[in-house]
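There are 8 protein chains.
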Amino acid sequence: MKVGIIMGSTSDLPVMQKAIDILEHLDITTEVDIVSAHRTPEKLFDYGQHAHTRGINVIIAGAGGAAHLPGMVASLSPLPVIGVPVKSRNSIDGWDSILSILQMPGGVPVATVALDGAQNAGILAAQILGATNTDIRDRIIAYKEELKQKVIQGAKSLQ
Amino acid sequence: MKVGIIMGSTSDLPVMQKAIDILEHLDITTEVDIVSAHRTPEKLFDYGQHAHTRGINVIIAGAGGAAHLPGMVASLSPLPVIGVPVKSRNSIDGWDSILSILQMPGGVPVATVALDGAQNAGILAAQILGATNTDIRDRIIAYKEELKQKVIQGAKSLQ
Amino acid sequence: MKVGIIMGSTSDLPVMQKAIDILEHLDITTEVDIVSAHRTPEKLFDYGQHAHTRGINVIIAGAGGAAHLPGMVASLSPLPVIGVPVKSRNSIDGWDSILSILQMPGGVPVATVALDGAQNAGILAAQILGATNTDIRDRIIAYKEELKQKVIQGAKSLQ
Amino acid sequence: MKVGIIMGSTSDLPVMQKAIDILEHLDITTEVDIVSAHRTPEKLFDYGQHAHTRGINVIIAGAGGAAHLPGMVASLSPLPVIGVPVKSRNSIDGWDSILSILQMPGGVPVATVALDGAQNAGILAAQILGATNTDIRDRIIAYKEELKQKVIQGAKSLQ
Amino acid sequence: MKVGIIMGSTSDLPVMQKAIDILEHLDITTEVDIVSAHRTPEKLFDYGQHAHTRGINVIIAGAGGAAHLPGMVASLSPLPVIGVPVKSRNSIDGWDSILSILQMPGGVPVATVALDGAQNAGILAAQILGATNTDIRDRIIAYKEELKQKVIQGAKSLQ
Amino acid sequence: MKVGIIMGSTSDLPVMQKAIDILEHLDITTEVDIVSAHRTPEKLFDYGQHAHTRGINVIIAGAGGAAHLPGMVASLSPLPVIGVPVKSRNSIDGWDSILSILQMPGGVPVATVALDGAQNAGILAAQILGATNTDIRDRIIAYKEELKQKVIQGAKSLQ
Amino acid sequence: MKVGIIMGSTSDLPVMQKAIDILEHLDITTEVDIVSAHRTPEKLFDYGQHAHTRGINVIIAGAGGAAHLPGMVASLSPLPVIGVPVKSRNSIDGWDSILSILQMPGGVPVATVALDGAQNAGILAAQILGATNTDIRDRIIAYKEELKQKVIQGAKSLQ
Amino acid sequence: MKVGIIMGSTSDLPVMQKAIDILEHLDITTEVDIVSAHRTPEKLFDYGQHAHTRGINVIIAGAGGAAHLPGMVASLSPLPVIGVPVKSRNSIDGWDSILSILQMPGGVPVATVALDGAQNAGILAAQILGATNTDIRDRIIAYKEELKQKVIQGAKSLQ
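Here the protein sequences come in this chain order: A, B, C, D, E, F, G and H. Residue 1 is where the first sequence starts when you use full-length UniProt numbering, and the numbers rise one by one after that. Residue 1 is where the second sequence starts when you use full-length UniProt numbering, and the numbers rise one by one after that. Residue 1 is where the third sequence starts when you use full-length UniProt numbering, and the numbers rise one by one after that. Residue 1 is where the fourth sequence starts when you use full-length UniProt numbering, and the numbers rise one by one after that. Residue 1 is where the fifth sequence starts when you use full-length UniProt numbering, and the numbers rise one by one after that. Residue 1 is where the sixth sequence starts when you use full-length UniProt numbering, and the numbers rise one by one after that. Residue 1 is where the seventh sequence starts when you use full-length UniProt numbering, and the numbers rise one by one after that. Residue 1 is where the eighth sequence starts when you use full-length UniProt numbering, and the numbers rise one by one after that.
Just so you know, these hints were derived from the structure itself, not from any lab. Errors might be hidden in some of the hints.
To be verified - Heads up, simulated DSS-like pairs for lysine-lysine below, C-alpha to C-alpha not over 30 Å straight-line: (1) E:K18 / G:K150; (2) F:K148 / H:K87; (3) C:K156 / B:K18; (4) E:K43 / E:K150; (5) B:K43 / D:K150; (6) A:K148 / A:K87; (7) D:K43 / E:K18; (8) H:K2 / F:K150; (9) D:K43 / D:K18; (10) F:K148 / D:K148; (11) F:K43 / G:K87; (12) C:K150 / B:K156; (13) F:K148 / F:K43; (14) A:K148 / E:K18; (15) D:K87 / B:K87; (16) D:K18 / D:K150; (17) G:K150 / F:K148; (18) D:K87 / H:K87; (19) H:K148 / F:K156; (20) C:K18 / C:K87; (21) D:K2 / D:K87; (22) C:K87 / G:K87; (23) C:K156 / G:K87; (24) C:K18 / G:K43; (25) D:K2 / E:K87; (26) G:K150 / C:K150.
Unchecked claim - Pairwise CB distance ranges (calculated): (27) A:Q153 / F:P14: 42 to 52 Å; (28) F:D138 / H:R89: 46 to 56 Å; (29) G:M1 / H:R89: 17 to 27 Å; (30) C:S11 / F:I152: 46 to 56 Å; (31) G:E146 / C:A142: 48 to 58 Å; (32) A:S157 / B:I141: 49 to 59 Å.
All C-beta atoms in this analysis are idealised placements derived from N, C-alpha and C, irrespective of residue type, glycine included.
With these hints in hand, go ahead and build the complete structure from the sequences.
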């Protein structure tokens, strides 16, 4: 099982790296690529049409501004697509990225996460694989336990 | 495989019905319930902690205003949770519903769809099951073909 | 010379008709089609790649919500693309349509007009053709004179 | 009488400290803890259900982003809950924190204060205790007099 | 014990009536008046300065647009003031009412509830009185139980 | 003739100084004071009720956040009141200041200028005095000529 | 003394009529005209350059959408200009009208009133004339007393 | 063929320079000037009325805040006008610039590009000239190929 991670530009990598890191932490294979909806539309088409035939199970797509990458890949692929709104340099406080990923028309969903929420995109991709796979689901359960322990430690440090 | 669909109030049913309908159309079993984060917190806890042990694979949660249901279920369950922001009666143009579902903190994702986008929530749930199941994925491919034919018919009607 | 007018759905036609009407009023040929970025991506590709080889000079594209049609056509075509943000049924007061058309990344402009501003899209298309064609420019000058006279008549009716 | 102060993460402490400080200044006992709605839901439940039986009279809850802590505690406790929207690192200018705390559904109020307004949350907690206690109310009256004198000094410095 | 309920205009009464009704339901005495910050500033001053000496324990103030009533009363009174942002006729989707009540400066809190959330203002007033009064707190507990039963009935109606 | 300039706090002085400076430049007398609507309500009342009897002709009031000073002075005084929305430290991008000054109810106008637009408040005060005084109006005409010459110089520097 | 009232289109008249009515009520002469910044720019120029030489003392300008009329008249005239943001048919909830009137650059103020606040524009115009004219100021004082009495009657009707 | 580039102030030059640069890169003649709608209205009028008679084919106008320059030039000229919303120093996150350029009334379009999107304004100007000129269109095609190669290089650098 494999998660495909794409982004519109190498400038999105600092944000998107957190998706790669958490999936590695959860021991899930990733494949990372740059695909620009607006500058390499042919590559976008090829990626969207063939990702599922190449063995990818879930796609994570990050983009900023008028972010068309997640929605266009969702249009082309039958796989679940997770969209990460990136607060890019010229973004209007992130609103443009969020709305152009979230507000997809009926028939073509994009599973949108928080602004710059690439870590959550990675966890969601794992949860999707874990929907029908108890081994991966157990890793999610263990990860949630890690988070809980950190908060409990933080609470102790207060006293 | 089964999709659990919950909502904060029966008043959300007209919106959420579209998730039920499309999943039925895609021949996927659903289980529907009312769970209010703010009025029945014990039921919320019970639902979140045991959904995956009861055979549910994906959860769709719809709520409006300060919509805490999707995020709280995501906090309690290892399953992927899809959040539907409902534009409820007193919502501020839907912004409150969207932001309180979308902007989850690191560690606890909610797969957010468009405002009142319950149909897309249903399709996304099917895509999640189809991530590792080619039979369901084929139904998605067929459904996308249906959508395409409708647009092509619409274009013809123009001439 | 010809203006190509496309929209994501027949439900956008009531808004987009104003572009068709004003171009007819200015005696400029139009070609109208339905092209959905999300439901007919292959048609979108074909349209974007070949519009200029088929004799189209300017493209007007209208879409609502997470409106990807104008930007994706602009990605595929060397022609100037005018985007009309349509306040569709589930749009969040039009903000989603506006931002996902306007906030294009560097390299791929979309000439965005006001929300539901299809009439202005038609006039802008005529002005684009008139940029290097004095006959069409004269029609614009005459049209602006018509507008002025209507306001002057309105002012007289006040007295 | 005692004010319980909770927050979702130790990273909220710099903001929330102002509530602790002003309550100390007003000579009111506080109890501070970290309770994360999303990472420690069991602790949240325990806190909400038992705060009033442990001798707490008012709860102040601070959280950022999709801030569910104040609303969920309000769902579980019969005590008045004051919510502090924290402008956390990934918050969209604070709008997410504000709306997910303020826009509670009918039946479950959260007394919301300004963005990062922890000082006012502390004063409001004191006013709540002073609603039926003239000793504490007198401290509020004295505090308001302090504020007035500072402004009058500021005005004098201008001349 | 008594809750003072004021509003800027009789046109706010349809919204504010819900505060009166729920307090009556919880068997708490109310006193209702019209006080306009902008049209009757002297009455505002008198009200704010003497409410606590007249036996009022909590104040609920509702206003729309540039809503100054809650904040000005909070400036004048040592009592806890609950602000209800009213979506008045010329309000900009309620944003003006919310922000001019919520964003009070340090030192002068207003306990803000949801847009048009007068019912929650009433419940919050009762919770404030119940902060130090177990009889009233028990009524809140009973009321929360009522809410829970309604949701459970709603859930049953689904099956 | 005299312009009264007030602000809620000495922290507003860096912004408000521009009103003082431009009025000095236009040779118009000013009187500057700190008046806090929320911390010195009695001073606010006294100021609003007596400014016109003390020889003040126009009032400029600057405030941030839930900015009640301009509107409350306008409620108390028959003089024209110019409001300057100040983008204070905890302001939500200035929206709170703008809306709580601009959206005054029918009967009590505040002449609102741009965010942090104290310079324009000063010019507007001069224009108000110049409405019926040709000497002051001539200074405005001369000032506008200064502005024009600066732009013309800027244009020359480009070549 | 005379107040010039202009608007971009006869469709703005239902909103702007309230300015005319209140000025008539205050016994102040008005002159009403239609001047479109975008359709009759020459008339705009003429109006702005000569209003003060024709005996007009204050200008009220109402416009919607990208509302340039108030600012452009302010650019051309030394008189105080009051801008009324009109929520026109295609306006985005009024935000476009407000921001394009309010956010004027340094040097060229527009005295902006609330959305559709033409009545307040009329009162403000009277206050401007009353800044240096005690007869008109007395009418303002009487008008404010009328407003107060109406609220007091409303309060009585409650009991 | 020539593109006229104007801006409201020399402070807009750092943003607008990107339009000059890309047009130079595409070998298209430009003419740059400072024209302030609010400070040099006569120059604005002269520019708008005569640009097309002086051999200019397309106008690019950049401005910030209440940005009236693009719309006023569009009102005066029959040429296509491209508007660049500049995020100026006192702009409210760019919303004022965007809305006062984009939301033009029927009859007078402005081709609006992204916030600070001067580079795209330059490309759009070239596309407009290329609408009826295959030589310029070929430069656009070559430029789009350059963009594509950069993304492909970026993708390679990832491996």
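Is it true that the CA of A:K148 sits at most 30 Å from the CA of A:K87? Distance ~28 Å between A:K148 and A:K87 Cα, so the pair holds.
Do the alpha carbons of C:K156 and B:K18 lie within 30 Å of each other, as the hint requires? violated (54 Å)
Are the Cα positions of D:K43 and E:K18 separated by 30 Å at most? Violated, at roughly 34 Å.
Could you say whether the range 48 to 58 Å given as a hint is met by the Cβ separation of G:E146 and C:A142? holds (52 Å)
Quickly compare the C-alpha distance for F:K148 and F:K43 to 30 Å and report which way the hint goes. Violated, at roughly 41 Å.
Straight-line Cα separation of F:K43 and G:K87 no greater than 30 Å? violated (37 Å)
Verify the proposed pairing of C:K18 with G:K43, using a straight-line Cα cut of 30 Å. Holds, because 28 Å separates the two Cα atoms, which is no more than 30 Å.
With the threshold set at 30 Å, check whether the alpha-carbon distance from G:K150 to F:K148 stays at or below it. Roughly 48 Å separates the two Cα atoms, so the pair is violated.
Starting from D:K87, check that the Cα of B:K87 is at most 30 Å away, please. Holds, at roughly 24 Å.
Check the hint pairing D:K18 with D:K150 against an upper bound of 30 Å on the C-alpha distance. holds (19 Å)
Using the C-beta atoms of C:S11 and F:I152, is the stated range 46 to 56 Å upheld? holds (51 Å)
Check whether the Cα positions of D:K2 and E:K87 lie no farther apart than 30 Å. violated (36 Å)
Of the numbered hints stated above, those contradicted by the structure are hints 3, 4, 5, 7, 10, 11, 12, 13, 14, 17, 19, 25, 26, 28 and 29, listed in ascending order.
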